[in-house]
Amino acid sequence: MNVDQLDQCNDMDQMLAARIRDSVAGMTLPPDFSARLGHAIASRRRAVRRRMVALVAMPTLLVLLAGTFSAVRARKSSGRSAPASIVATVSKPEDGRQTFVAGWTLAGLCRGFRRRRRDVQISDGDRKNEGNQE
Amino acid sequence: MDVWLEIRRNGESGAKLLVSEYGDRLFAAAMLLCGDAGDAEDLVFRTLDRAVRKIDSYRPTGSFFAWLYSILLNFRRMDARRRRPATISSDVVDSIPAPPDAAAGASPGATADRAAVRDAVLRLPPELRETVVLRLFEGLDVDEVAAIQRVPAGTVKSRLHRAKELLRADLLDSDFNKGDSA
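Chains A and B are the protein sequences, given in the same order. Letter 8 of the first sequence, counting from 1, is numbered 8 in this note's numbering, and no numbers are missing. If you count the second sequence from 1, you need to add 134 to reach this note's numbering.
Since the hints were made in silico from the structure, they are not lab data. Values in this document were obtained by computation on a predicted structure and should not be read as measured data. Please note: incorrect hints may appear among the correct ones.
On the chain B side, residues computed to face chain A include the following (Cβ under 8 Å) [said to hold, decoys possible]: (1) GLY145; (2) GLU146; (3) ALA149; (4) PHE161; (5) MET165; (6) LEU166; (7) GLU175; (8) PHE179; (9) ASP183; (10) VAL186; (11) ALA246; (12) ARG248; (13) ARG252; (14) VAL266.
Among the chain A residues that face chain B by a calculated CB cut under 7 Å, a handful are [stated by the list, open to error]: (15) MET15; (16) ARG19; (17) SER23; (18) VAL24; (19) MET27; (20) THR28; (21) LEU29; (22) PRO31; (23) SER34; (24) LEU37; (25) GLY38; (26) ALA40; (27) ILE41; (28) ALA42.
Negatives, chain A to chain B, calculated, CB over 10 Å [as the list claims (entries may be wrong)]: (29) ASP11; (30) ILE20; (31) VAL53; (32) LEU61; (33) ARG115.
Even for Gly, the Cβ is constructed at its ideal location relative to N, Cα and C.
Just chain B, same shape as in the assembly (with noise of 0.2 Å):
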């Protein structure tokens, strides 16, 4: 059964339902812009008490996901209005303590790789964190990116390219370095 259905047909069975096909998906991408799992875990609180809240106002011609996104994306720039970093500071990142990694046990060099990956994101502009989300993290197209951005296709193509230009860069720094200090 469609997931926004049954949100409609009971609100509280249906936010079960929503939490696992989406839950940890979208925390993930929470994490990758906030960079901090408390502010990811209440974005996505926050994004899924309104996704049942106002499902009466989502159209099934859409992306049921692409829809959660723009709701979980409008939260992000709320918070980042009121907060007002424009972007995180690298002493900021190196201060976020590293979440659980998934693969227990996994060698100091992955898990150093995998901070490494995700300060570089977080280093990104808000607007090219976003981009670099939908399109690298989630796989969406172009065009959904477009919509979900509320920009022409054109400046998603834009945005990404600068992006990965910033990240390849960022991300051979950070190989060099560790390179170089082994």
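Okay, chain A solo, but in the shape it has when bound (with noise of 0.2 Å):
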């Protein structure tokens, strides 16, 4: 009898594969498997965006913020006071590179702000909702 023969299902297989197949049926898992699985993939999810932000999306502001910084300084140098030399590096374009560096920075600044501002308020929110709940 060569192994392919001995492959072939025969009675005795299939009572043994019905028997291995017997002695684990029922067996399912938790109720709660399901909703563990899902958080820890949503979690995951959020620290792969958190590690994006501080690698690709801090050092380019870091950059940015260089580039205003110098432009401002540019503009400080020729005699005008801060603010002004801030409100000139964004509305009197003498250097397009930097005039440009700097706004997108500063919009983004502001955007960024904003939105932050607008997550602690949206929580505030859900908390006093909470609150009022309990």
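Join the two chains, each given in its own frame, into one complex according to the hints.
Set out below in structure tokens:
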């Protein structure tokens, strides 16, 4: 008898397979398993997003900020006050590239702060709602 | 909808679908491989988590279930390498509490028989145990088992032959002892 013949499904094999299946029949995962898996996936996704911000967005922001400061300083050294220099950096383009970088950075910062404030307001609202429900 | 497509579309809802479609099946197989409900649950958790994370590496040309199985077996082998027990000794097997049986109110004889079969599978060497789970428990064909275990089909056949001999001898022995004690 060769190996191929041995692998043929005979009654003994089927009985063995049925006994093995029966030995773990009805064994199921706990009911909260799916929720725990979903939670783990969601929290890892958040962690990846945070890492992306730390690795990509923060250095980019730093470079843009450096560009902005250098543009503002260039205007300050020509005799303007600090606020006037900032206004001039954004509104009076003397050097196209610097102005673009500065405007982009300031707009991004404003958007970021606004979003952060809105998130804080939303989470405060949630907390208040939860307090009311309690 | 295909589970893998849903996972690619939305990881969290895809994970739910993955658990409902394959969770219990993988858990039962993991029970046969580990013998402990906690370890089996942990193994399935890591398998499904990895499947969701690495869904882009799945190629739809192959069976999705076989892909899941290869992840599960990789984790199982990694665990075995860390802990180093080549096979579970009979003392350990005896100390494993029997998991709750589906057929509540099943006769003590039937429960003991189920435990004896599980123990016999757990006493097999790891590579034979994997082959038994894939071929006899899951009913995959030899080529699929060979692809998952990354061995030639002939190796699967000879492993299966050896495993069946060991299982038959072990189960015959336990049946004989049962009859003797009755």
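Non-interface label on ASP11 (chain A), tested against every C-beta of chain B at 10 Å: Answer for ASP11 (chain A): holds, closest chain B Cβ roughly 13 Å.
Regarding the hint that MET27 (chain A) lies at the interface with chain B, is the smallest CB-CB distance below 7 Å? MET27 (chain A) check passes; min Cβ-Cβ to chain B is 5 Å, inside 7 Å.
Let me know if the C-beta of THR28 (chain A) comes in closer than 7 Å to any C-beta of chain B, holds or violated. For THR28 (chain A), the interface hint holds, since the closest Cβ of chain B sits about 5 Å away, which is under 7 Å.
Against chain B, does ARG115 (chain A) hold up as non-interface, every C-beta pair farther apart than 10 Å? holds (23 Å)
Mind verifying the non-interface call on VAL53 (chain A)? Its CB should be farther than 10 Å from each CB in chain B. Correct as stated: the minimum Cβ-Cβ distance to chain B is 19 Å, above 10 Å.
Would you check whether the claim that LEU61 (chain A) is not at the interface survives, using Cβ distances to chain B and the 10 Å cut-off? holds (28 Å)
Can PHE179 (chain B) be said to touch chain A, with a Cβ gap under 8 Å? At about 6 Å, which falls below the 8 Å cut-off, the nearest Cβ of chain A leaves the hint on PHE179 (chain B) intact, so it holds.
Beyond 10 Å from every chain B Cβ: check whether that's true for ILE20 (chain A). ILE20 (chain A) is in fact no farther than 10 Å from some Cβ atom of chain B, at 5 Å.
Checking hints one by one. Is GLY145 (chain B) an interface residue toward chain A, by the C-beta closer than 8 Å rule? Because about 5 Å separates GLY145 (chain B) from the closest Cβ in chain A, which is inside the 8 Å limit, the hint holds.
Does the nearest C-beta of chain A fall within a distance shorter than 8 Å of the C-beta of ASP183 (chain B)? It holds, given that the least Cβ distance between ASP183 (chain B) and chain A is near 6 Å, below 8 Å.
Using the nearest Cβ pair, does LEU29 (chain A) come within less than 7 Å of chain B? holds (5 Å)
Minimum beta-carbon distance criterion (8 Å), GLU175 (chain B) to chain A: holds (6 Å)
Violated hints, in rising order: 11, 15, 22 and 30; the structure is consistent with all others.
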